[in-house]
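Student: Use the sequences and the hints to build the structure in full.
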Amino acid sequence: MTVQLSALLLPLLIITLLCNFAMANLIFHNIEFDSDCMKAMCMADSGCEQQGCAEDVFGRLGCGFFRMNIWQYKQCYEPGREIGELSETAWIRCSEDYECASKCIVQVASRFRLKCYGKSDCETIARIHDGGANGCRTGETLPYWFNVKSFCPDC
Numbered sequence: 000m001t002v003q004l005s006a007l008l009l010p011l012l013i014i015t016l017l018c019n020f021a022m023a024n025l026i027f028h029n030i031e032f033d034s035d036c037m038k039a040m041c042m043a044d045s046g047c048e049q050q051g052c053a054e055d056v057f058g059r060l061g062c063g064f065f066r067m068n069i070w071q072y073k074q075c076y077e078p079g080r081e082i083g084e085l086s087e088t089a090w091i092r093c094s095e096d097y098e099c100a101s102k103c104i105v106q107v108a109s110r111f112r113l114k115c116y117g118k119s120d121c122e123t124i125a126r127i128h129d130g131g132a133n134g135c136r137t138g139e140t141l142p143y144w145f146n147v148k149s150f151c152p153d154c
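Heads up, the sequence shown is in numbering that gives the first Met the number 0, so the first residue is 0 and it goes up one at a time.
Any given hint could be a false lead.
[Stated by the list, open to error] Subject to a maximum C-alpha distance of 25 Å in a straight line, what follows is the list of computed SDA-like cross-link-like pairs (lysine to any residue):
1) K73 with S34
2) K38 with K118
3) K73 with Q50
Simulated from the structure, these hints should not be mistaken for laboratory data.
Tutor: In structure tokens form, the structure reads like this:
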């Protein structure tokens, strides 16, 4: 009787865990994609020109239009990465593709947006992009935000 009950509970447990995982991922609603904001960020990061990779003021290596770093790429679930491909290779390819990089940045900001209560979507995206999950909670990201805002005063 105990073995039969265990055999019935295991599939139920697996289904419950899968449902909980699916529901947990639904809480991260996407921020509205603001092309003016993303263009301003692109201008602030690279002049919106493909310039390869470079270190930022904090010593982080960033690549492409938005100077996206490897951790940002991993936090947006590595879009475009092929089976067996190194994360670093896929990250550089994504960072050099405006659409891939901008979607990745917005997705990461969407995950952590609740930490930016009261901020505009653009400020949320910019400050999380610059400072990570707690970007809105530190003054260190304000210079980057002011730079973005200089390219898009209405953002």
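Student: Please verify whether K73 and Q50 have alpha carbons no more than 25 Å apart.
Tutor: holds (21 Å)
Student: Would the hint linking K73 and S34 be met if the CA-CA limit is 25 Å?
Tutor: holds (23 Å)
Student: Against the 25 Å threshold, does the CA-CA distance of K38 and K118 hold or violate the hint?
Tutor: Roughly 19 Å between the alpha carbons, so the hint for K38 and K118 holds.
In terms of the numbered hints stated before, the structure departs from none.
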